[in-house]
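Engineer: Below are the chains, spelled out letter by letter.
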Amino acid sequence: MSDQRQAWFARVVESGLQNDIFNPSDVLAHATPDVLANHLPPDLLSKVLTASLAAGSMTPERVLETVTPELLARHLPHEVLWSCIAAAAARAGVTNVVVS
Amino acid sequence: MNIKAFFVDALSSALELRIGTPDDVLRHVTPDVLAQHLPRPLWARLLTACLGAPRVDAQLVVDTVGVPNLCEHIPTSIIWACIAELGARALGKPIETPAAVVAAASQPVKSVLAPPPEIVKPTATPARGTPVAIGPSIPKPTPARGMPAQSEPDVVAPPDERPATTGSLRSRTPTGQRFRQSGGSNVRTLGGVTRRPQAAAATVPAVKPKRSEPTDYETETAVEAADWREKEIVVDDEQLVDWQADPGSAVSSAITGDDDFSDLGNRKR
Numbered sequence: 001m002s003d004q005r006q007a008w009f010a011r012v013v014e015s016g017l018q019n020d021i022f023n024p025s026d027v028l029a030h031a032t033p034d035v036l037a038n039h040l041p042p043d044l045l046s047k048v049l050t051a052s053l054a055a056g057s058m059t060p061e062r063v064l065e066t067v068t069p070e071l072l073a074r075h076l077p078h079e080v081l082w083s084c085i086a087a088a089a090a091r092a093g094v095t096n097v098v099v100s
Numbered sequence: 001m002n003i004k005a006f007f008v009d010a011l012s013s014a015l016e017l018r019i020g021t022p023d024d025v026l027r028h029v030t031p032d033v034l035a036q037h038l039p040r041p042l043w044a045r046l047l048t049a050c051l052g053a054p055r056v057d058a059q060l061v062v063d064t065v066g067v068p069n070l071c072e073h074i075p076t077s078i079i080w081a082c083i084a085e086l087g088a089r090a091l092g093k094p095i096e097t098p099a100a101v102v103a104a105a106s107q108p109v110k111s112v113l114a115p116p117p118e119i120v121k122p123t124a125t126p127a128r129g130t131p132v133a134i135g136p137s138i139p140k141p142t143p144a145r146g147m148p149a150q151s152e153p154d155v156v157a158p159p160d161e162r163p164a165t166t167g168s169l170r171s172r173t174p175t176g177q178r179f180r181q182s183g184g185s186n187v188r189t190l191g192g193v194t195r196r197p198q199a200a201a202a203t204v205p206a207v208k209p210k211r212s213e214p215t216d217y218e219t220e221t222a223v224e225a226a227d228w229r230e231k232e233i234v235v236d237d238e239q240l241v242d243w244q245a246d247p248g249s250a251v252s253s254a255i256t257g258d259d260d261f262s263d264l265g266n267r268k269r
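Residue numbers (my numbering), protein chains in the order written: chain V, 1 to 100; chain H, 1 to 269.
Just chain V, same shape as in the assembly:
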């Protein structure tokens, strides 16, 4: 069940990005640097930093190129991802419900 839930959150985040329900900035508004730093494993943090250094900048898009939705769902608390999804849905006007 945990793997399935993780896969589902990964798929929902990926779909949200693909369908412009939210953008990488929205994701990082919830998956803050503090959250990332406390939950991503060291090798993944290293990759993020390496990619940013190579490109010369660190942008939300570049972070999510390295930390894919699948990795987000694997390492971050799902509540964080869900808050991003729910907030985007609220912005889209489909609901007033915001699950914190």
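Derived from the structure by calculation, the hints contain no laboratory data.
Heads up, the beta-carbon is just placed ideally off N, CA and C, and yes, glycines get one too.
Incorrect hints may have been included.
What follows is a set of in silico ranges between Cβ atoms, one per label pair, in the way DEER data are often shown [as the list claims (entries may be wrong)]:
1. L71(V) x T30(H): 31 to 39 Å
2. Q18(V) x K93(H): 24 to 32 Å
3. A37(V) x G92(H): 19 to 27 Å
4. T59(V) x N2(H): 18 to 26 Å
5. Q36(H) x A92(V): 18 to 26 Å
Under the rule of at most 25 Å between Cα atoms (straight-line distance), these lysine to aspartate or glutamate pairs were calculated in the DMTMM-like manner [said to hold, decoys possible]:
6. K93(H) x D34(V)
7. K4(H) x E16(H)
8. K93(H) x E79(V)
9. K4(H) x D43(V)
10. K4(H) x E61(V)
11. K47(V) x E65(V)
12. K93(H) x E14(V)
13. K93(H) x E70(V)
14. K47(V) x D34(V)
15. K4(H) x D20(V)
16. K93(H) x D3(V)
17. K93(H) x D24(H)
18. K4(H) x E79(V)
19. K4(H) x D26(V)
20. K4(H) x E70(V)
21. K93(H) x D26(V)
With chain V fixed as given, assemble chain H onto it according to the hints.
Structural biologist: The following block gives chain H in isolation, referenced to the frame of chain V:
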């Protein structure tokens, strides 16, 4: 922003990964919601599948309609409510749904499967023989205690054919025993009032139909008047016909002894 594609992905993956079940979907996408929003061709497909399936359940509905069609036609607020429930359940949290959203989602809608509104029957000229209610203010006649209802006709019609009100503007002639049922003891009467046993009606002597007597005669030659036999008619000689003028005809019309005059009176008429 393609919110519907996002919903398709979220819902499809939830079903694939067993985050949610078709029952979860149909808890939000109720049959009434489907009836209101699903296009008729999809309804036709769904009905065909249900008729051909040995068991109809939420799985069949979702599989037949398809998640893309659900997300395409069902309001996004309802689809989102379903996804939000799945997300909250995945997180182990109860979802806080405002009352307004709940009311909007579960608002009773007018179903197409509901019976159509009652047809208002025209109150114009009723058909011949149809009992007509005298008026709304006239109470329904109730038989007196211990007395049979006098206004009821003797003909016992089936319950469906009995009018709601027995008041009739036109006196109805009993049509023989056409509507009488064979089982007299089980006959239901209006309002459940059981008819008391009645004595056999006395045999009414047959009344010979009164023949209309002519009183006025339009012509003087009316044979109905009997007094013409008593009058003596004056005839001039010029009006007499000489029957002997044509011998041939006289022979052919001659009266012989073989002629039968017994029915002379009948011939006259």
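Engineer: Look at each hint and say if it fits the structure.
Structural biologist: Evaluated hints:
1. As the Cβ distance of L71(V) to T30(H) is approximately 38 Å, the hint placing it in 31 to 39 Å holds.
2. The supplied range of 24 to 32 Å is met by Q18(V) and K93(H), whose beta-carbon atoms lie about 26 Å from each other.
3. Separated by about 25 Å at the C-beta atoms, A37(V) and G92(H) satisfy the suggested range of 19 to 27 Å.
4. With their beta carbons about 23 Å apart, T59(V) and N2(H) fall inside the hinted range of 18 to 26 Å.
5. Distance hint check for Q36(H) and A92(V): the Cβ-Cβ separation is about 22 Å, which falls inside the suggested range of 18 to 26 Å.
6. For a cut-off of 25 Å, the pair hint linking K93(H) to D34(V) stands: about 24 Å separates their Cα positions.
7. At roughly 18 Å between alpha-carbon atoms, K4(H) and E16(H) fall within 25 Å of each other, so this suggested pair holds.
8. At most 25 Å may separate the alpha-carbon atoms for a hinted pair to count; K93(H) and E79(V) meet this at roughly 10 Å.
9. At roughly 36 Å between alpha-carbon atoms, K4(H) and D43(V) are farther apart than 25 Å, so this suggested pair is violated.
10. For a cut-off of 25 Å, the pair hint linking K4(H) to E61(V) stands: about 23 Å separates their Cα positions.
11. Between K47(V) and E65(V), the direct Cα distance comes to roughly 10 Å. Compliance with the 25 Å bound is thereby established for this hinted pair.
12. Distance restraint check for K93(H) and E14(V): the Cα-Cα separation of roughly 23 Å lies within the 25 Å cut-off, and the hinted pair is therefore satisfied.
13. Distance hint between K93(H) and E70(V) is fulfilled; the C-alpha atoms sit about 22 Å from each other, no more than 25 Å.
14. Proposed proximity of K47(V) and D34(V) is supported: the alpha carbons are some 17 Å apart, at most 25 Å.
15. Taking the CA atoms of K4(H) and D20(V), the gap is about 11 Å. The hint holds against a cut of 25 Å.
16. Note on K93(H) and D3(V): the hinted pairing holds, with a Cα-Cα distance of about 18 Å set against a maximum of 25 Å.
17. Proximity of K93(H) to D24(H) is assessed by CA-CA distance (about 16 Å); at most 25 Å being required, the pair is judged to hold.
18. Distance restraint check for K4(H) and E79(V): the Cα-Cα separation of roughly 23 Å lies within the 25 Å cut-off, and the hinted pair is therefore satisfied.
19. About 19 Å separates the Cα atoms of K4(H) and D26(V), which keeps this hinted pair within 25 Å; it holds.
20. Simply put, K4(H) and E70(V) have alpha-carbon atoms about 22 Å apart, close enough for the 25 Å limit, and the pair holds.
21. About 23 Å separates the Cα atoms of K93(H) and D26(V), which keeps this hinted pair within 25 Å; it holds.
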